[in-house]
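Asks: If you read the sequences in order, they're chains A and B. In terms of our numbering, the numbers along the first sequence are unbroken and rise by one, the last being 254. In terms of our numbering, the numbers along the second sequence are unbroken and rise by one, the last being 1646.
Heads up, some of the hints might be wrong.
[To be verified] List of simulated lysine to any residue pairs, SDA-like, C-alpha gap at most 25 angstroms: (1) Lys84/A / Ser1462/B; (2) Lys1543/B / Asn54/A; (3) Lys1040/B / Asn139/A; (4) Lys155/A / Asp1131/B; (5) Lys1262/B / Phe1005/B; (6) Lys1040/B / Ser1462/B; (7) Lys232/A / Glu1391/B; (8) Lys1508/B / Asn54/A.
[Claimed, not checked] Here are a few chain B residues that sit away from chain A, every Cβ distance over 10 angstroms (derived from the structure): (9) Tyr1028; (10) Arg1078; (11) Cys1136; (12) Arg1373; (13) Ser1506; (14) Lys1543.
Derived from the structure by calculation, the hints contain no laboratory data. Ideal Cβ placement from N, Cα and C applies to all residues, glycine included.
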Amino acid sequence: MTTGETMTLHLKVWRQRGPDQPGALTPYTVTGVSPDMSFLEMLDLLNEQLIERNELPVEFDSDCREGICGTCGLVIDGIAHGPKRACTTCELRMRNYRDGDTITVEPFRARGFPVLKDLVVDRGAFDRIISKGGYISVNTGSAPEANTIPVPKYKTEAAMDAAICIGCGACVAACPNASAALFVGAKVSQFALLPQGHAERKVRVVRMVEQMDTEGFGACSNHGECEAVCPKKISITYIARMRREYFKAALAGV
Amino acid sequence: MSEWFDIGENLLDGGVPPGAIEVKWDRYRSEMQLLAPANKRHYRIIVVGTGLAGASAAASLAELGYTVLNFCIQDSPRRAHSVAAQGGINAAKNYQNDGDSVWRLFLDTVRGGDYRSREANVYRLSELSSDIIDQCVAQGVPFAREYGGMLSNRSFGGAQVSRTFYARGQTGQQLLLGCYGALMRQVNAGRVRLFPRREMLDLVRVDGRARGILCRNLVTGEIERYAGEAVLLCTGGYSTVYFLSTNAVNCNATAIWRCYKKGAYFANPSFTQIHPTCVPQLGEVQSKLTLMSESLRNDGRVWVPSEPGDTRAPANISESERDYFLERLYPAFGNLVPRDIASRAAKKMCDEGRGVGPTGYAVYLDFSDAIEREGIDVIRERYNNLFPMYEEITGEDPYHTPMMIYPAPHYTMGGLWVDYNLMSTIPGLYVLGEANYSDHGANRLGASALMQGLADGYFIISYTMEHFLASNKREQVSTDHPAFAESEESIRREVARYLSHTSGKSVKQFHWELGRIMWDKVGMSRNAAGLREAIGEIRALRKEFHDHVHVPGTGEELNKNLEMAGRVADFFELGELMAIDALHRNESCGGHFREEYQTEEGEALRDDENFSYVAAYEYRGPDQKIVLHREPLKFRHAQPSHRSYK
Ligand SMILES: Cc1cc2nc3c(=O)[nH]c(=O)nc-3n(C[C@H](O)[C@H](O)[C@H](O)COP(=O)(O)OP(=O)(O)OC[C@H]3O[C@@H](n4cnc5c(N)ncnc54)[C@H](O)[C@@H]3O)c2cc1C
Ligand code: FES
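If we strip away everything but chain B, and leave its shape as in the complex, we get (with noise of 0.2 angstroms):
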């Protein structure tokens, strides 16, 4: 028994279809019920969210005829930081005739979440991965392509096929504004609504099924009620929990926690992964760190001095005084070895007081022998933006002394609990991207949440949600019920709170001072004491901040540190369930490190016969136990084995 939560005596159930995993999806959307073309616009549709996934879904949905509404924090659908994706998107089309297939892109998912996702899930990702690339080109993405004309692939993330679709840099730009343009058709043949500047602050349950959403307009203050036939979604990622990571300021957790509290299931919480190449923290007053993007490693390599406490310039470091540890630990794989295999290298390297830089968290990405080999105008092609965008940051030019990287949260593979056809544990409610904890296991392989985000949006959710409406019966809900009500009142009642001190801490402290606490025990590599500690101080502290938060300002206006604050409230309560998930979880995978369980050589332990599944996480009011549920994970193609690169 843990004296954090009960254990559901019943395995959840993820409702995977029958049949051969090969046709499976073919077979299951082909059975399944349709609702009369005319009558889809009856049926309002509200999608919360604007990246790749709320945006195809939206547009997607509203070709067919549903009547949308879309909501966004941002004042553009354009921003969602879907936006800043760089390195590609994946797809087996298999162009460059190196073996790849549907199959071996599944079986890749697979092992790289290291046998914590659901089979059939992933299979029907990779399925749909083609069907994606050909929906962006025709709507005009310029991926790069080679001097014939034909689209161009490079390998990303380790894969050793090339398959990565990109534009430059700005692959995530580039798609979203495919699919934000996808959306703006429909804005203007009048099927979608747009409603920019709005923060989903609840989510209205009648007889069980969600059918509405509740809104803070951030412009005026006011709170919105809206019904609709169904809710979607597609907010995105936590990693903001962590205050410092690759995310956009604004990414947040706030709708699907407060989903969560009405009694959605979230899923492997402390899932979350940490990106090996950022530029590392240079300050205090810091508000984000920068990806530099994964393929740097393909000509670059990570070294660190020999010696503890070196702090001579990189130049005057001889190579006999570097040790160039992914080389020396990894020969197979080298400096290409999985994102969080090389985080936590690079981790103990610094732990060891061999870390360089003015804060001694960073190690050296190398440039000089590719430079040397290839010469500066070919690496200058290669990765045009970037080493200016490092320089930009740094004030170091990177082509004559070596950047300067540390890993930094990038990715929350946790999110809420769905079934294959993407509906959470409240009828009516499904989650798509990032927002839910689907197809990456313990551990995402890069280019591929683009290509999640895209699959869920366009081509599985409007199956699967008309199939859902077309066997119920349409009945409507007018924002006049009482559900609507009751809720406005909390969010009022919480605002209400938020404003009425006029001194203490701001919210950024508050949220910074979390941040550490989550970083330093709930990140990346974690241990049971650091983690209960972790619980005790993340309590005391959010204690302290409903005590305390100083929040300027009225709630009847554009207030950024009002948004902030019930931002990082929920935060709190998401940390905490972080560090419980951690806890639990006695065995390390994927991004999940727990001390105790490691190989001699320091390689993480998975406990298959134990953990073999999804922790789904119930709550059930605040004075009462939260609940454990877990659906159990079979492998009937990929084959469990321990991942080894060495």
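Next up, chain A with everything else stripped away, as it sits in the complex (with noise of 0.2 angstroms):
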């Protein structure tokens, strides 16, 4: 933990009044950074500088301020979440930057992701991806007694590794194509591995995949830059499983 000295950092930052309206990259100061700062604290301290001036705040979401719910997510310097690994941007911390540095910070473009403001974009295109079959359809009431189906140890922590994804959409910010086959291949295969999903497994996925096409997102070429922003670190060969999963489903004619 440090303490004392603070930076004074030089932003661009992405200013868009409204989703009509043209945007640009603004400079901004802000001074007094402390390293032990999130990012986002550091946009707190620039917004209390700015309202102190009278000029309007940057506009961004967040909520948990802990890696978790996926509201934050910001281009830093041109990649999604900052810097650091398996990092969301609330987590990342000042520490990373110098004195004297110069910041670049866009919110996450796509076409699925219109801007609202600022670094504000609507996801809901993701919503409505698991609108069209990113559950297990049982009815509350319906459900037999927990352990009545065995699952695998292995099969658990597979299906974990992909339900970790916070739907935050990096991902897409990062794909060059602006794919969204890692948030789908991750949903899908979560189901895919557990029995529990069995019964839908072909129509689910089918119905992702097309809802994801609809939605405008890109085509998934391999690029594996999704994987390399995922703040969970969640492995592309879930997008291979989503691919044999719709194979299947489309030789079985769904």
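With the hints in hand, could you dock these two chains into one complex?
Replies: What follows is the structure, encoded as structure tokens:
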């Protein structure tokens, strides 16, 4: 834990007043940044300094500020969630920067994620994809006793490795094609790995993939940029699994 | 007579149905009135919140055929703060054959709540706990499992049985994604309409009943009106009244507070839980405190230097110069004493000048013995994401130097008063999850909030609400009703007021200052003088806020400072009520510790004779005194005893 010395940083921040308005990178200087601050706390500080000067604060989304809700998400110096791997924007600490650094801050950009204001984007497309099949259809009250179906530990663990997706959208922002394949692949795989998910295995993948295409996300061409920025280190092998699931379903004529 | 409130003459009745506690719920729900299945779609149900309580309720009601409107502040329902819960969820499955039962979970929860909760509600919660696990597993929640494929359990929060189900350190996330999936399935079926990025700012009552809400569209700034047959508040807790807490930055009290001002009673506002194991505050501009799972206390030993003012590095402080104070004070439970006790002990050490770290407000949580005993790899596997998370925040490696921890506001047991049906004092207004006060008394046990939110949403509300709807005539209310217009007018005035200053302190600064008062004087330990000071200081600061707060931008756009202004305005009023409640309760119980009421050894001194009741406050208007109503608590099964962890 550090105390004492603070930094002055130069920022170039994407400002855009509304969805249909033009935007631009705007320069700001923020002073008094302590190395222990998170990146978002640094932006909080900038906003306090802007309000003091009666300028409009920079709007950005955040909630849990501990890397689990998936609300935050900025492109920092060209990288979704910034320079540290396996780390969300809210978890990134300013001790990764030096006094006098210049940092460019932009929203997650993709056709599927229109900008609402400044750094805030609309990720409603993800919800619409999930609504097409990102669940097991079981009504409340109709479940069998929990230990009725044993699930091998390695399968649960593999399902969990996919289920930890926080839905932040960094994978889309990082992909040259703005593909949502990692996001969809993770959900499809979670349920394909669990016996509870088998009944709907085929329709699920087909419907989710169709919706992904409808939303305007691009095709996956195996760049792997998504895995590199994923704060939860979700592996692109789940994309391969989704493809296999999809082909099996297609062969079965779903 | 109190200078702050009048006392209601009639005692409040929780409406607990008759019959033996073991069969009460079963019999009651079997005797409830039902609606014709085909009729349900004519009923519009407003569900505010998409956390475990809200999403499970919205999905379950839609499955039954109701038309559901579901609102949340975040851009997606999946981001409600339930997502952050780490440790796990309790259920009395007794899979471990270690003596657990519905009865034991019930007794533990009542005792943990320090005998300030309603027995019948707690019993029902314990009874439903097993169904929750079944439901979640069927939804594909990847709970931890043993090699044989069966579900795994751990002991949590000082429980003597292993009844906690978990999904790594992300149990809340996985449970929430389970209900979110169920919810999205109903969205797809057209039975749920989803309204993300909306903030409920008022409740509309028509002929006394809850008949609608007003929201601000957080993207366009429009004030929107929604009417329905019932309103369910599932809006979470209010720990952010302290500014710094383990809660998300958008957690707030606005929905429940505005309903309070429309006549719903607010129960036990001062009952808050301070969690002992959080990363300490590092700087002035910090926005939140991160929880380090309670499970760390299974292996970590808590200590401070024996001498005040010892600023040497921990490695240079020898064994004999360390005070493992929890082990010393509570030899029977040691580092595993309940949250409130661990928190207060840590504060005491720091107040004695023996705290560590840059601010002196931290204690060590040391894993060196466990690492030596079991090997670094075992510890690494056991706590996989926690150590790196700590290192990320603090820049220190807890495998080689002890963690520093300090208590932080975490959970609010207080909330809107509800009866056995989860209905508030406003007919048709239901309150679920952390937003109600119901099941945790003066202190919540670990892993029981997730259980409560899901019990309320999956298994209780559909019955009790249906009974209410079936016993009342259905009359459509339109959003053209004057009550909507009136409410909209008052919201517009409020928004205009916040936007009227072009200089002055920011919302965040006011919130921070309020948080300081709350933490210092209405926090972990309280005394009458401090609480009185707090009330005065809060009032003065609130006046300054309304006269001078500077909110930039306009009301017709996405404006997060404007959103926060309304929330902070409500926190001022709630903060005052918390102080009044804490001042009135001349006893110590659970998380509420009044310094005047302690044993010689410094333990909480409960006063069952005079305070065995739920304190529920009624708002009667801006210039009127509030009224304190009491719901007496009777314990027929869990006999009140004094907790001892010595
Ligand atoms: C860090 C952390 C760890 C925890 N770990 C555990 C654990 O291991 N086990 C356990 O049992 N409990 C745990 N808890 C407690 C538990 O997570 C919460 O009590 C519980 O999840 C609350 O659920 P909820 O549905 O009541 O509210 P939330 O999940 O907070 O949801 C509130 C919802 O209401 C919406 N909302 C709020 N106000 C408005 C408004 N005015 N208008 C519109 N929408 C609104 C929000 O957008 C959100 O959708 C933990 C809590 C924290 C903070
Ligand atoms: S704010 Fe929740 S993940 Fe960053």
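Asks: Would you check the hint for lysine 84/A and serine 1462/B, treating anything up to 25 angstroms between C-alpha atoms as holding?
Replies: Given that 25 angstroms is the threshold and the Cα spacing comes to 46 angstroms, the pair is violated.
Asks: Is the Cβ of arginine 1373/B farther than 10 angstroms from every Cβ of chain A?
Replies: holds, 25 angstroms
Asks: Just to be careful, I want the Cα atoms of lysine 155/A and aspartate 1131/B compared with a cutoff of 25 angstroms; is the pair within it?
Replies: holds, 23 angstroms
Asks: Classify the label on arginine 1078/B as holds or violated, using whether its beta-carbon is more than 10 angstroms from each beta-carbon of chain A.
Replies: violated, 6 angstroms
Asks: Tell me if the straight-line CA distance from lysine 1262/B to phenylalanine 1005/B falls inside 25 angstroms.
Replies: holds, 18 angstroms
Asks: Holds or violated: lysine 232/A with glutamate 1391/B, Cα cutoff 25 angstroms?
Replies: Roughly 17 angstroms between the alpha carbons, so the hint for lysine 232/A and glutamate 1391/B holds.
Asks: Minimum C-beta separation from serine 1506/B to chain A exceeding 10 angstroms: can you confirm that?
Replies: violated, 5 angstroms
Asks: Are the Cα atoms of lysine 1543/B and asparagine 54/A separated by 25 angstroms or less?
Replies: holds, 22 angstroms
Asks: Please verify whether lysine 1508/B and asparagine 54/A have alpha carbons no more than 25 angstroms apart.
Replies: Since the Cα atoms of lysine 1508/B and asparagine 54/A sit roughly 15 angstroms apart, the hinted pair holds (cutoff 25 angstroms).
Asks: Holds or violated: lysine 1040/B with serine 1462/B, Cα cutoff 25 angstroms?
Replies: OK: lysine 1040/B and serine 1462/B at ~11 angstroms, within 25 angstroms.
Asks: Verify this label for me: tyrosine 1028/B is non-interface relative to chain A, using a Cβ-Cβ cutoff of 10 angstroms.
Replies: Since the minimum Cβ distance to chain A is about 17 angstroms, tyrosine 1028/B lies beyond 10 angstroms and the statement holds.
Asks: Is the Cβ of lysine 1543/B farther than 10 angstroms from every Cβ of chain A?
Replies: At roughly 21 angstroms from the nearest Cβ of chain A, lysine 1543/B sits farther out than 10 angstroms, so the non-interface label holds.
Of the numbered hints given earlier, the model fails hints 1, 10, 11 and 13; all others are met.
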